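A.B. asks: Next come the chains, spelled out residue by residue.
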Amino acid sequence: MKQAINFLFVGVGGQGILTASDIAAEVGLEAGYDVKKSEVHGFSQRGGVVESHVRWGDDVAAPLAEKGSLDYLIATEMLEAARWVEWLRPGGAAFINPRHIPPMSVTVGDAVYPADESILAAVRTRTDDVTVVEGLTIAERLGNPRLANTVLLGALSTRLDVPPETWLAVIERRVPPKYVELNLEAFQEGRRALLTK
Amino acid sequence: MKTTGTPAATKRLLSGNEAIALGAWEAGVRYAAAYPGTPSTEILPALAQYAGVRAEWASNEKVALDAAVGASFAGARALAAMKHVGVNVASDSLMTLSYTGIGAGLVLVSADDPGAFSSQNEQDNRHYARFGKFPCLEPADSQEAKDFTCFAFELSERFDTPVMLRSTTRLSHSKSAVEVKMPAEPREPGTLPPFERRPRKYVMIPAHARLRHPEIEARLQALADYAEACPLNRVEWGDKRIGVISDGVAYQYAREVFASFSLLKLGMTHPLPARTIRDFAAQVETLVVVEELDPFIEEQVRALGLEVIGKQFFPATGELTLARVREGALAAGLPVSVQRPKSEVTTNEDVGPRTSDLELKPPPRPPALCPGCPHRSVYFNLRKLKMLVAGDIGCYAIGVLPPFEEMDMLISMGASIGMAHGARLAGCPDKIVATIGDSTFFHAGLPELANTIYNRGVTCTMILDNGTTAMTGGQDNPATGVTLQGETTRAIDIESVVRAMGVEDLWVVDALDVKEVEKAIREATEIEDRPTVIIVNGACVFTPQFQHRPVVAVDAEVCNGCGFCFRVGCPAILKSEEVDVKTERPKALIDPLLCTGCTVCLQVCPRKAIYQTQGEEV
Numbered sequence: 003m004k005q006a007i008n009f010l011f012v013g014v015g016g017q018g019i020l021t022a023s024d025i026a027a028e029v030g031l032e033a034g035y036d037v038k039k040s041e042v043h044g045f046s047q048r049g050g051v052v053e054s055h056v057r058w059g060d061d062v063a064a065p066l067a068e069k070g071s072l073d074y075l076i077a078t079e080m081l082e083a084a085r086w087v088e089w090l091r092p093g094g095a096a097f098i099n100p101r102h103i104p105p106m107s108v109t110v111g112d113a114v115y116p117a118d119e120s121i122l123a124a125v126r127t128r129t130d131d132v133t134v135v136e137g138l139t140i141a142e143r144l145g146n147p148r149l150a151n152t153v154l155l156g157a158l159s160t161r162l163d164v165p166p167e168t169w170l171a172v173i174e175r176r177v178p179p180k181y182v183e184l185n186l187e188a189f190q191e192g193r194r195a196l197l198t199k
Numbered sequence: 057m058k059t060t061g062t063p064a065a066t067k068r069l070l071s072g073n074e075a076i077a078l079g080a081w082e083a084g085v086r087y088a089a090a091y092p093g094t095p096s097t098e099i100l101p102a103l104a105q106y107a108g109v110r111a112e113w114a115s116n117e118k119v120a121l122d123a124a125v126g127a128s129f130a131g132a133r134a135l136a137a138m139k140h141v142g143v144n145v146a147s148d149s150l151m152t153l154s155y156t157g158i159g160a161g162l163v164l165v166s167a168d169d170p171g172a173f174s175s176q177n178e179q180d181n182r183h184y185a186r187f188g189k190f191p192c193l194e195p196a197d198s199q200e201a202k203d204f205t206c207f208a209f210e211l212s213e214r215f216d217t218p219v220m221l222r223s224t225t226r227l228s229h230s231k232s233a234v235e236v237k238m239p240a241e242p243r244e245p246g247t248l249p250p251f252e253r254r255p256r257k258y259v260m261i262p263a264h265a266r267l268r269h270p271e272i273e274a275r276l277q278a279l280a281d282y283a284e285a286c287p288l289n290r291v292e293w294g295d296k297r298i299g300v301i302s303d304g305v306a307y308q309y310a311r312e313v314f315a316s317f318s319l320l321k322l323g324m325t326h327p328l329p330a331r332t333i334r335d336f337a338a339q340v341e342t343l344v345v346v347e348e349l350d351p352f353i354e355e356q357v358r359a360l361g362l363e364v365i366g367k368q369f370f371p372a373t374g375e376l377t378l379a380r381v382r383e384g385a386l387a388a389g390l391p392v393s394v395q396r397p398k399s400e401v402t403t404n405e406d407v408g409p410r411t412s413d414l415e416l417k418p419p420p421r422p423p424a425l426c427p428g429c430p431h432r433s434v435y436f437n438l439r440k441l442k443m444l445v446a447g448d449i450g451c452y453a454i455g456v457l458p459p460f461e462e463m464d465m466l467i468s469m470g471a472s473i474g475m476a477h478g479a480r481l482a483g484c485p486d487k488i489v490a491t492i493g494d495s496t497f498f499h500a501g502l503p504e505l506a507n508t509i510y511n512r513g514v515t516c517t518m519i520l521d522n523g524t525t526a527m528t529g530g531q532d533n534p535a536t537g538v539t540l541q542g543e544t545t546r547a548i549d550i551e552s553v554v555r556a557m558g559v560e561d562l563w564v565v566d567a568l569d570v571k572e573v574e575k576a577i578r579e580a581t582e583i584e585d586r587p588t589v590i591i592v593n594g595a596c597v598f599t600p601q602f603q604h605r606p607v608v609a610v611d612a613e614v615c616n617g618c619g620f621c622f623r624v625g626c627p628a629i630l631k632s633e634e635v636d637v638k639t640e641r642p643k644a645l646i647d648p649l650l651c652t653g654c655t656v657c658l659q660v661c662p663r664k665a666i667y668q669t670q671g672e673e674v
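Protein sequences appear in the order of chains A and B. Position one of the first sequence corresponds to residue 3 (the numbering used here), numbered consecutively onward. Position one of the second sequence corresponds to residue 57 (the numbering used here), numbered consecutively onward.
Since the hints were made in silico from the structure, they are not lab data. Please note that a few of the clues may not be correct.
[To be verified] Pulled a few chain B residues facing chain A out of the computed Cβ check, cut under 7 Å: (1) 206; (2) 418; (3) 424.
[What the hints assert, rightly or not] One side only, chain B facing chain A, incomplete, derived with CB under 10 Å: (4) 94; (5) 296; (6) 310; (7) 379; (8) 417; (9) 619; (10) 623.
What you are looking at is a predicted structure, and each value in this text was computed from that prediction instead of being measured. Quick reminder that beta carbons are idealized off the backbone N, C-alpha and C, glycines included.
Produce the entire structure from the sequences given, and follow the hints as far as they go.
C.D. replies: Shown next as structure tokens:
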């Protein structure tokens, strides 16, 4: 019997959330889990919040987990980490890329983008297991900011009982051929960032 | 996908929409049509990849269904797909299609949107099946989406009826494992046998309709009898203290929350299997119905004289979730577990059960027009000129949100033009502009504009031509010159259409020229005795036609933090941490990763503090 695992990927429209969660879903299937993945397209996606649920288990029923039952929250943007933290189970793990994409409510002056310290404090009311992964920094060093999500996947993979080769194989077939090498490198960088901590 | 020769190699993660397409293809569908609409959009592009299927974007949902009806009458299995509100558009044909029945199998996919994630309402389209007296099938995962679609064609032919396959956002846009035969076999459609002329069945003049109606009632009875044995309905026995009747994705929540109890899963929700429901009810202590949106099953179960726990505990508004089903069950006093089964296994003792005591309230992140969006200059200027705006369905509905807040009415596809006309001719003293996109114009805008012209209307219609159906992800339409199958076709020229309808006061402007857009609106709305049209041309940033230019940047020496550029609502324009000493306001800063170089902000900056960089094109 495989223990059920709930993931939630969150970020902002255009950040590649759906591809990252697709990869996590396919890795689960390859690793022998039953898998469900759920997301929403359309209006809310235009510069808005994007969230994608992935569930691995023996026999997954609901396509999205219950609020407060996530094992892993993967946020590609700081503010979104705060928005979704209540979905984590107490003690669940948060992986956060500390990028800021201020929403329009902040730009027009109706709201203030919270300080990193208050966001992280809010996340820590839920769990002590918080990892800030410098996804964008590492990705830019590798030469392409779009690799940030793959760095996060690398970091996430260190917690899961699935060989890295499975992840690499799925990434290889999911990303455009000319970006395969860079993505594989970004994944390994993400793993190193965690394993050397 | 790599094939390893193991059984797992044939399992693929498919979205509900991809699975519906695969099921239709396996059932031998030869013709399929749709108008793009979230959450149904991806069905047709998936079908278009298969050989031997003619898959098309129709100009609207009624046209899609009509074309599918023609294909069916001609003897080809056919499918029409649309979002829930699209069925409203197609319903004129749908109600009478029930009378004619079909030639070859015909399936209507209705993708409903509980939660209204990308819709103007949350209507429950199961009512259409009851209204039109045809079957409704509701898959609960992607495997069922494929299997039920295949089954729907069989059912359609067996009972000479259209069949509605009802999906929801959580089915269409969730992925789960589906058994796939790899690789798909090539298929040649060949030609159909000659058309079988059956006017008493296919030509619904009153005399024929009166003859068909009793047959439809008989068919409904036959379907109700069949429902008792339908393999899509099944009982999963468990603890008989509670028996839950459920359908679609709601079933998945029910089986997780009511894990140990008995379930009656309905795959066919119209007509309902009355005897099966009575038998199930007789064997359980408490009967519960868990369904999304309306009490569609519940009311019919009550009509059988059965007591049931339903909508008083499980909300009729919004999407169901595990939490809402659990809360409803607990509120009803049902013995389901308070805690998630999972938390018993994995709660971290060190952390303990902390409650949601967040002091931080994250600022909202509503949708915004993309950087480079050609709609930006339109709503910026309409606000500046204080126009009333009748809006329409598309990305440009974002014009109602800050910082524009420049839309006064919006209800359905094409309605902008009619609403503006009616308001003005009824005596509204304000100047009203209708804004409508290119795809929406061809969907339902044409008859509305004809009406304005015919009835001596005096409103201004702005057609925002961004060269694609943008909100749903960039589908082609009659103005783009490309079909769903990738063929080149005649692109219908909107300007010629408008001129041919007799509009002489016509402006054609560049969306990225802010002053030109403003001038056209001023001139057009000064004319108050005849209809005017402004065509605003500007490619959507997601089309190949959009030209990225060198990004713009802010000269912090010149910027005084006036905030004018914030009013164009561009996600690439941010507040700098640098504050102007005189105005004490934050200066502007442009994110080069997001900027497309469209220069709208540069054009509106009163201090000329924004400049185009010489950088390479992004």
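A.B. asks: All hints are to be evaluated individually against the structure, with a verdict given for each.
C.D. replies: Here is what the structure says about each hint:
1. 206: Interface hint status for residue 206 of chain B: violated (22 Å vs cutoff 7 Å).
2. 418: holds, 4 Å
3. 424: holds, 4 Å
4. 94: Hint holds; residue 94 of chain B Cβ to chain A Cβ min 3 Å, cut 10 Å.
5. 296: violated, 20 Å
6. 310: holds, 9 Å
7. 379: holds, 5 Å
8. 417: holds, 9 Å
9. 619: holds, 8 Å
10. 623: Since chain A brings a Cβ to about 8 Å from residue 623 of chain B, closer than 10 Å, the hint holds.
Violated hints, listed in ascending order, are 1, 5; each of the other numbered hints is respected by the structure.
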